[in-house]
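Residue numbers (our numbering), protein chains in the order written: chain A, 14 to 237; chain B, 22 to 172.
Everything labelled a hint here was simulated from the structure, so no lab data went into it. Each hint should be verified, as a subset may be incorrect.
Here are a few chain A residues that face chain B, going by a calculated C-beta distance under 8 Å [said to hold, decoys possible]:
#1 Ser26
#2 Val34
#3 Met41
#4 Phe44
#5 Met46
#6 Gly60
#7 Ile62
#8 Ser66
#9 His114
#10 Ser164
#11 Thr168
#12 Asp224
#13 Phe234
#14 Leu236
Glycine residues also receive a C-beta, built at the ideal position from the N, C-alpha and C atoms.
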Amino acid sequence: MAQAIPAGTKWWSGGKSPFNVEYGKLMMWYFLMSDAFTFGAFLISYGTIRMSSNSWPDPNEAFRAFPGMGEMHLPLVFVSLMTFILIMSSVTMVLAVAAGHSGDRKKVTFYMILTIIGGLAFLSCQAWEWTHLFGEGAWWGRNPFPNVNGSKASTNFTNFFFTITGFHGFHVFSGVVVNCIMLIKNLRGDFERKGHYLMIEKAGLYWHFVDLVWVFVFTCFYLL
Amino acid sequence: MSTNQATTHDNAHTKFDTRPIWRTFWILLVITLVELALATIHLKTGFPPKHVLNGVYLILTCAKAFYIIAEFMHLRHEIKNLIMTLAIPACLFIWFILAFILDGNSYRNLRNRYDPYHVEQNNTKIAPAGGEEAPAGKQEGPAAVKPGEQQ
C-alpha cells in the first residue's frame, strides 16, 4: 500500500487521512496502544513488587509440569508449546488477511477457522495449567511455593500470576469471539459484498496484539 | 470514509507477499527455542549467570516484539506518520519501567534497613534453599540477609 504513494505527498494539507489508513484501523491501533499501557502497568507493578522482595519463588519449580507426564520435571516445555500455538495462530491470521487482500473468500474462511482453533487450543492449555496449579494449592491469596532462598513466600507471586495470565487469557477469549464473528460475517458474504476485507485486518491487529502481550508475559513470569 | 477506503484499497488487490510471514514465523520460533535452550542449559550447568541470562532474555523479547509489530501487524509497511503516532507515545514505557523498577529497588533497601520484621521473615527458612542461587543473588539486598543464602 505504502509503495503506491507518490513521493512528496503533502499528508497534512487536509482532505485525506494523514496516516493513510482507514478510520477504524487507526482507532484499532490507538485502542491497542491504550491496552498496551494497561498490560504495561500490570507487568511493571509485578516487576516493582518482585524487585522490592528479597527473594521470589523459582518459576522453574512452579511451572514444571506437562499434561500426562506425571511428576517429570519439565520446566518451560509446556509454556513453550503454548507460545508456539499462539505464534502459529498469528501466522494463520496473517494468511487470512493476505487472502482477504486478494479477495479470496474461501481461503479467508479456511484460515479464520485455523486461527480460531489455535486460540481455543491456547485457552485449553491455559485451563489445564490453571487447574494443575490450583491442584497444587496455588490460587489468589494462596501460595504453596517457597522462595528460592528457602524463606516463606508472600502471595504476591500467585496473585500476579493469576491476575496477569487471567487478564491475558480473557483477551485471548475476546479475540476468539471476535474471530468467530468475522468468520460468520465472511460465511454470509458480508465482506465480499462490501468489496474489501478490512474488518479481517482489524480483528487481525487485535489478535497479533494478544500474541505480542504473551511474548512479554512469557518472559516476565517464566524466564526471568 | 468511503473515499478513504478507496485510497487504501485501490491497489489492495495486488498480491500480498506471504514469504515475509513465514520468514517471521521461523525467526520467532527459533528465538523461542533459543530461550528454551538457554534456560535448560542454565538449569543443568548454571553456566550463563542468571543476570547475564536475564539481559539476553530481555533483548530476545524485544526482538520478538519488533518482528510481531513490524511484520505481523504490518507496521513496517505503513507510512511514517502512522509509525510515529504509535512509536512516540510508546517511548513513555522507558520512563515507566525505569521509574518503577528503581522505586521497587529503593523500597527493598529501605525495608531491609528499617523493618526488622521484614528481615526476620526473610531469614526464617521453611524449605532448603533452591539450586538456583543466581536469581536470589540478583534480588539480594544488603549483606544483612546474606547468611543462609548460599546452599
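To see whether the hints hold, each was checked on the structure:
1. The criterion of a C-beta within 8 Å of any C-beta in chain B is not met by Ser26 (chain A), whose closest approach is roughly 13 Å, and the hint is violated.
2. The closest approach between the C-beta of Val34 (chain A) and any C-beta of chain B is roughly 6 Å, which is under the 8 Å cut-off, so the hint is satisfied.
3. Given the 8 Å rule on beta carbons, the hint for Met41 (chain A) is violated: about 10 Å separates it from the nearest Cβ of chain B.
4. Interface restraint check: Phe44 (chain A) against chain B, minimum CB-CB distance 12 Å, threshold 8 Å, status violated.
5. A distance limit of 8 Å between C-beta atoms decides the matter here; for Met46 (chain A) the minimum to chain B is near 6 Å, and the interface restraint holds.
6. With a least beta-carbon distance of about 5 Å to chain B, the hint placing Gly60 (chain A) at the interface is held under the 8 Å criterion.
7. Given the 8 Å rule on beta carbons, the hint for Ile62 (chain A) holds: about 7 Å separates it from the nearest Cβ of chain B.
8. Look at Ser66 (chain A): its Cβ gets to within about 6 Å of chain B, closer than 8 Å, so that hint holds up.
9. For the restraint placing His114 (chain A) at the interface with chain B, the shortest Cβ-Cβ distance is roughly 4 Å, inside the 8 Å limit, so the hint holds.
10. With 8 Å as the threshold, the beta carbon of Ser164 (chain A) comes within range of chain B, its nearest partner Cβ sitting at about 5 Å, so the hint holds.
11. The restraint placing Thr168 (chain A) at the interface with chain B is violated, with a minimum CB-CB distance near 13 Å, outside the 8 Å limit.
12. The criterion of a C-beta within 8 Å of any C-beta in chain B is met by Asp224 (chain A), whose closest approach is roughly 6 Å, and the hint holds.
13. Interface restraint check for Phe234 (chain A): the shortest CB-CB distance to chain B comes to about 12 Å, outside 8 Å, so the restraint is violated.
14. Proximity of Leu236 (chain A) to chain B holds as hinted, the smallest CB-CB distance being about 5 Å (cut-off 8 Å).
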